[in-house]
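Peer 1: With the hints as your guide, set chain B onto chain A.
Chains as they are written, first to last, in this note's numbering: chain A, 27 to 427; chain B, 10 to 281.
Just so you know, not all the hints are guaranteed correct.
Covered stretches of chain A, as calculated for chain B (at least 3 residues, CB under 8 Å) [claimed, not checked]:
hint : segment
1    : 48-57
2    : 200-210
3    : 309-315
Which residues of chain B face chain A? A few of them, derived with a C-beta cut under 8 Å, are [stated by the list, open to error]:
hint : residue
4    : ALA68
5    : GLU144
6    : ALA193
The set of hints was computed from the structure by calculation and includes no laboratory data.
Glycine included, C-beta positions come from ideal geometry on N, C-alpha and C.
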Amino acid sequence: MTIDYSHYPDSHGRFGDYGGIYVAETLIEPLAELTAAYTRLRDDPAFIAELDHDLKHYVGRPSPIYHAQRLSKKIGGAQILLKREDLNHTGAHKINNTVGQALVARHMGKTRIIAETGAGQHGVASATVAARLGLECVVYMGATDIERQKINVYRMKLLGAQVVPVTSGSKTLKDALNEAMRDWVTNVADTFYIIGTVAGPHPYPMMVRDFNAVVGREARAQMQSEYGRLPDALVACVGGGSNAIGLFHAFLNDADVRIVGAEAAGEGIATGHHAASLAAGRPGVLHGNRTYVLCDDNGQITQTHSVSAGLDYPGVGPEHAFLKDTGRAQYVGITDDEALAAFHELALSEGILAALESSHAVAQGIKLARGMEKDKLILVNLSGRGDKDVHTIAAREGLSL
Amino acid sequence: MNRIDARFAQLKSASRKALVPFISAGDPSPDGVVALLHALTESGADLIEIGVPFSDPMADGPVIQHASERALAKGVGLAQIFGWIAEFRKTDTTTPIVLMGYLNPVEIHGYERFAHDAVGAGVDGVLLVDCPLEESQAVGAIEAAGMRRIFLTAPTTSAARLAAMCEKARGFLYHVAFAGITGANRLSLDAVRERVAAIKARTATPVAVGFGVRDADSAAAIARFADAVVIGSALVETLAGAGSAQAACDAARAFLAPIRAALDAGSAAHAA
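So that you can see chain A by itself, here it is in the shape it has in the complex (with noise of 0.2 Å):
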């Protein structure tokens, strides 16, 4: 039987097993609300034609196809073009979902914006964003992840964001989206919650995804414009999924069209020290929703790791889940090392200094590439720009800046 991928999720936000909404009974309103305001505005034309002029005007969409041909040529294999979310506004596609949700606050009558953050990317959008709409803006970070990303956190207090340091279990992405929920259960009246990837409980994997799912509306027209047809291989990183979702949502139903999701593998799956949720995880419960996640046989959520903060999460958003079972996308690990050096390759062949986050997804590419015809086209999600990681790369090579 085949699926069609743009009926889910469902009324109860299940994709296949996984989405749901398993939260405290406080919270069990107000996302209900949360989902009636969301599914009346996405539907509304004035709101539909509110984002489309912010998209243009503010992110600067669409953004370019690029079709990175000095790189294609040196792998000798398919023909790798490049999504660039990382020329958006704030540097990459996490901006997309920042303005559509702070809309739908606006719209709601919100007055204060929370969010949580990793690599510090959604907290900058979401700063941003919160900004320009005049809203009061808190941001739960890991300490540890403060300490590694100092420039976007201070990019953040610039916008007007307070910046809270969440010192609560491993101290990292996962643990700021504990604490953002607190303040959401505690202060649910006159607050929106931002979330920034595609997971949480109903309605924000459908909603993220539906923010993000522009970029693969966009990539299959431009696709069909400048190259007369739809690529034969899409690929993007995949720690929350958001970006990956993006791309991919819009091609879904385009059986021809291989779909590739790049994960963390850190130093390696067999260490153990990796963010590959999907590849190495299992089916269990972890902020929300039901998906796979990482976690040990008492059902501890185990710690990750990865060289790009953005990665670095013990879940995936439901919808990946869903699309691993089914074999309609496959998942696959990339480690530190390999997108270390898809980075570098990407910098010099074609002068982009991508995320490192975007970086998996391109060693992904490089991968695909060599396997397959000249004539083939692979499209990647060029997720985000590397500014923010050149501190990181650097340590890892040992320089100090």
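Peer 2: Okay, now just chain B, sitting in the frame of chain A:
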């Protein structure tokens, strides 16, 4: 008869209110859990809630978060917790025990296996914080095994949901006193009284109130209209300072005694 139902029936006929202490399993010391459970019943606990530690306790404030982290660092998991309860049951066959926790440890343990092991150990009820009514199908094994699924109600719960919950409620309903996390200080008695009255108008199932109950005064005030008072963070914080298993038992007794006295004084005044 399920021990929870038996206990509430007994309290009702005696016109007494239930004192429900919450401890975080394995904190302050894994070796002292069984003795601590006995100390709690000796100091007037009518029902005991045992928190199963989880790495990502989204609904808990810092006190219970830290207690969970300490217990996890000592390797506390469901297998040990079942062992402690079984040990406690050798000498206490009447005090109901409710496990309170998050879904993932239960999901990974396996629902059937969890239900089997919990009943075998002597657990009477299970409260899964992040498993609302709508997602309950997976946990059907808990009720099938004879335990009670304890549901939370919140200040934000809509009238329609409240009606559905009251219909499904068994054992008791746990009303969360305010929108927030455990241990916060946001208790508004008038709001809680109103909600509890709304629940009691719909169901005969006993209503417990928790979150923000810290001492004898707040407990007695809640007990004027609720059937049971849950005290968690304040007790966990007190126990955390205990230097030994014996000191934890002593601290538990000293903490609960005035609360028990205040609840009983309230019931007596009411009866008079």
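Peer 1: Each hint: holds or not?
Peer 2: Hints versus structure:
no. : hint    : verdict
1   : 48-57   : holds (count 9)
2   : 200-210 : holds (count 5)
3   : 309-315 : holds (count 6)
4   : ALA68   : holds (4 Å)
5   : GLU144  : holds (6 Å)
6   : ALA193  : holds (7 Å)
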